[in-house]
Amino acid sequence: MAGGRLEEVPRIGVKADRCTGCRLCEYVCSSRRVPDGFNPSLAAIVVKFEGELEEEMTPVVCRQCEDAPCAGACPAGALSVGDQGVVVLDEQECPGCGLCVQACPYGAIRLPPSRPTPVKCDLCGGAPLCVEFCTYGALALE
Amino acid sequence: MSQQGRMVWVDLGERKVDTEAVPASWRDLVLGGNGLAALALLVRQKAGVDPLAPESLLVFAPGAACGLPIMGACVAAAMARSPLTGFYYDSYMAGHFGVELMNAGCALLGLQGKSAEPSYLFVHDGVVEIRKADHLWGLGTFATQQAIRHELGDEKVQVAAIGPAGEKLVRFACLVSATRAWGRGGLGAVMGAKNLKAIAVRGTLGVRHPDPQRVLAYARKLRREMMENKAISSSIRTFGSAASVATINRLGILGARNWQQEFYPGADAITGEGMLQAGMRVKGKACAACLAASGIVWQGVEGPYRGIRSRGPEYETLYAFGSLCGNNCASSIVAADRLADDLGLDTISAGATLALVMECVERGLLTEKEVGVDLRFGRHESMLEALKLIAFRQGFGDLMAEGVKRLAQRLGSGAEKLAVHVKGLEMPGHSARGLKGMALGYAVSPRGGSHQDTRPGPERSGKFDRASWQGKAAMVRASQNMTAVGDSLGICRRHWEPYAGDFLNERYAELATVVTGREYSVGDLEKVGDRVHTIERLLYVREGGDSRTDRLPGRFLEEPIPDGPSAGMVVEEQELEEAKQEFYRLRGWDPSGVPRPECLEFLGLSGIVE
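Note that the protein sequences, when read in sequence, are chains A and B. Residues 0 to 141 in numbering that gives the first Met the number 0 are what the first sequence spells out, letter by letter. Residues 0 to 609 in numbering that gives the first Met the number 0 are what the second sequence spells out, letter by letter.
Bear in mind the hints are in silico, worked out from the structure with no lab data behind them. The C-beta atom is built at its ideal place from N, Cα and C for all residues, glycine as well. Take these hints with a grain of salt, some might be off.
[Claimed, not checked] Simulated restraints on C-beta separations:
(1) G306(B) to A139(A): 28 to 34 Å
(2) R249(B) to P111(A): 50 to 56 Å
(3) A139(A) to E367(B): 38 to 44 Å
(4) E518(B) to G71(A): 52 to 58 Å
(5) D153(B) to Y105(A): 18 to 24 Å
(6) R32(A) to V126(B): 21 to 27 Å
(7) S520(B) to P111(A): 38 to 44 Å
(8) D82(A) to W136(B): 57 to 63 Å
Looking at chain B on its own, in the form it has when it is part of the complex (with noise of 0.2 Å):
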């Protein structure tokens, strides 16, 4: 653990620099990466301000194990209040950015106040820069981090930049590094109100450990195991996230046509094995202490699209631009995967906003006129023709740059009904009706539509039976301890869940304590899990959320799926309350989804918290 890690704070607007020390307490009740950066917010900001303000914080957190040599130790947290959601989104990004973070210093890096011109921040060994960036305005992600590593001449630098949806403020732009994202949550808005394109980070100061021969035991252990481990070794080694694609496809729980449908005829061409078969595979690569190297280069092999790499799509993109869009043609996903990244979109956002688009033209609501381009299922080039437009808001593309809530809103009630979001976040390609844990998950999840709160793994595994309400939530509650416990140590999921499981046990507990030197039990995690969501309810609450917001879109309570494997399914509202109420009663929160006094003092925070 990056004991020597500092908290960064940078004013832009007053160009001025504050670090102080990480208080031993907070880690102790956080870890760090996902929890630190909660709890910062929590203590730092006040409720109610506008995403887009000055006064907005943006603050970054790798997680605790990031620089250590431990398989999947490399996720980094970005967390504000959201311009989708109006309540704080956290967002993880894999790649080598969060590891450079750690080793110059930086346990959290807070950003607050406007730039007076366009900027970009160097980060080196906790010394922060605050260096002009009007010639890389207007520029591709790419473009950017390439300009900033030639520009300080030294090819180890990590560089995260917004593109043109950023400096726009589409409310789901994001910010890319190399060829990772921090995707969802439109933080990338946040950081282009900011003034600011780009944070680039260099550490040479590395990060200290207590006893670094015994992370280097544990690190041949897990590899060692981890490679005995198929879906690691094999699976996830050949097809990356693709893999799922087909699963849930034979499942009948693949978003399709608008969440129209679950079970998409054409999806065999957009499947890894498919993509695989068509020659599309370039190879695998790596994040920073990776084993499985899963984040795979793809190509387009036609048309327009031959020739055109990406490293993706990953499954998310593959269902937002392929099943929800109708569209298989899996070259023009690459090419869109590609295209999102360089403009600093998030493709999930995007492809559900498209999708929402093309179901209102389906149904007479939109015309092809009002769109400016001919957006219909399937149309798979006037869908890179739409994400030019939304991010750089020109025609129509300023309205669906606002995302599905708000271009449903702004389009009326006919178009409202087809909105398919929770809290004004999109949805990833995780059924709510075909899985009712998955269901009550995105209903009470402080970001909404997110499958990085209650994961799909246990009720698409068959573990738990995906149509019955019966104990979700208690899943509920144990999947969302483990993955706000993973994002706090900064562990890649597609490393552990095949590896130490779906919940917390005594694997997650053995790496708690080789990263921090500290014996930690499976109980003991389990309560740093209970207090990082109290800590993200605090927030949510502060800005408005309760019970009446923790909601699902009608589609999933009205209709039931038409078609395939999971004919019939749907959320049934009343099942749904009953199991938000007992979910509530095992955090320990009231009946309106409010943390009493007693959940905040058994978990350490009424001191924190008024």
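Next up, chain A with everything else stripped away, as it sits in the complex (with noise of 0.2 Å):
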């Protein structure tokens, strides 16, 4: 399948349609990365508000592409495609250069300004916090 995507390769989908905008994926995602609390701005998921209402919502997360542009930008080698087909991010490695956020293009990847590296989707192992606290099903694992 080259150039095509693994058929068994896990990532979370995102139906926008029924995002109702109510960030719990941001905070629940963000424990994973404070230890004391939660701070959206650290979640490697963001929704998107557009539309004079802001009711246009968007869930945007990592997607685990296969030939990951981001793992192609980093001039360290620090992103790879995992074991399972997750792109995973070795911090140790990680110059903090921010190349693969300008590489991403779906935004997925961030750069928060109070952080070294980037804060990216892993999957949360297999079993993503921001899938479960989805009420009406925005994100799913597929």
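Can you join these two chains into the complex? Each is in its own frame, and there are hints to help.
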């Protein structure tokens, strides 16, 4: 399946029309990065709001691309496609340059000013908290 | 709980910012949100300050639960002395602003002074910038929010803005953030008087909690239990608060035609079901940490209103621009809701003011020529025109911008008898005549005509006999304690009333325990509720309020409901007075409604107030 996605590679699928904009995904995701609380600005998922009434909501999260542009852009080889097809970040190797952020066509990797390395979805090891807390099924593990 | 949250004080005149920690004893006394705002005003502001003077203090305080993934935790208080009532007014807004403020490290933001030029604030991670707003002055609330986000280059910035109404000091001007509002009490005019167009906030500090895993476990349980509750997962999810129109009209307690009636024969078209069937429902939208997504986006489907969208109207707006004005064109109410949000007008007070004018016209006390538009009951096109006149204070709009009480005073005695308000605040859509507890609740509310101190639910559901005065003083106290605790924790009533109930109980105690990381019993929470209400009472008394100002409009005391299922019901003045006395006794206040020294001592307030 050159150029395509392997069927068995897990990723978080997004159905934006089901998103209500509660941002619970951001809160719970952040709890994996903050030991003593919650901080949506450090979450690996973000809900975008558009429209005059901010009524068009879209969760943005890593799609675990097979030929991941973020990994290709990393000068240090800190991003790689792991065993399960999950794109993983090796924080020890990461220079924090932000080239991966620019390379991602979906805006799914972010480099918060307060952090030395980017925030990137790792699927919580297979049971993503954001999916668990998404009330109306805008997020699902595919 | 955001223990790191600080109190940030901004003097707009001096362009000075001070921050200080929230005293630990204050958190124990009042939790946050409502309690913290009221306590800060009691300590920081002296009596008699003109609400629109530079010295007037306007405070914002997110509830203690804001920033935690607890369903419904997003509500923030705004509080100041009200230009409408002359007493203190605490208003609440859901949405995302309060959470952002908490994430920015602010447990309380206090504004004083008047900026020399039009300005807006940018609060980010505890830092405050006062920025120029000449280019924003005159804009509607939606355009203002967009312009500020664009200017700051960060789409995550949350903005609360006033519209032209706040700039023009309309006494019922509000603040709007996204599509939610600090709606009531005229706090938008307090902002406008400070030359402050908006507050923008961005927080990347997050909130700390002693045991985040416990919060997550609790959130899992809450979600499961709330979704099993049909009111939350079905009715509220589908209709939002619009579901209430049919229920309330069926009981014959839906204010209609300036409260001349409480049954509205045309109500079907403005019920949630009616609007759904007319194809007006677009989608549901959530606030932060919300489960129900009950802020429904509706759109107009008729005539000039076709295609106009609003997030709302909520129940109160369907009442205020609908039944109260004898208007059952739902599409026009969507358009009026959107327009009022954009102009920065409280929809309840605006609708009630229009309704008073309509009755004056009907009775020949005013003519179309004097008003400038054809404000007769049901004339929705004129209503939209009148909203603009009010917001810009043009023509007769200048007088309408003063609200029901002052408008009636200016028009004279004939109109004063028709003025339906409590303490200067126009009535929301919950009957005093048909719900005796609400009658008492309005009379003793520090805010006046607000349905957010005492709640209508216990009587409307039939758990309490709505025609009887029996036990109502105790019910009102218990209801007020629930609302004060809920507003101090910052939780959405649309989740928590159906889930946890109308009164403080083990579920609320569990919530407070998880949020604070400190064990709370139901008794502890009742005491917090008693304390917050007593603080608010002290503020009320300080501005000249007592048992004599705890009164209801003549229409509710003298005119029985004329027709419909509640025909004949009226507020019996003698019973009301007796219920007031019983209520004061239960609260530990004296017969004039003033807190006794022993009450202050018991509530731990005697060291804080003189």
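Structure-based check of each hint:
1. G306(B) to A139(A): 28 to 34 Å: 33 Å, holds
2. R249(B) to P111(A): 50 to 56 Å: 52 Å, holds
3. A139(A) to E367(B): 38 to 44 Å: 59 Å, violated
4. E518(B) to G71(A): 52 to 58 Å: 53 Å, holds
5. D153(B) to Y105(A): 18 to 24 Å: 19 Å, holds
6. R32(A) to V126(B): 21 to 27 Å: 23 Å, holds
7. S520(B) to P111(A): 38 to 44 Å: Holds, since S520(B) and P111(A) (Cβ atoms, about 40 Å apart) stay within the stated range.
8. D82(A) to W136(B): 57 to 63 Å: Holds, since D82(A) and W136(B) (Cβ atoms, about 59 Å apart) stay within the stated range.
Violated hint: 3 only; the structure is consistent with all others.
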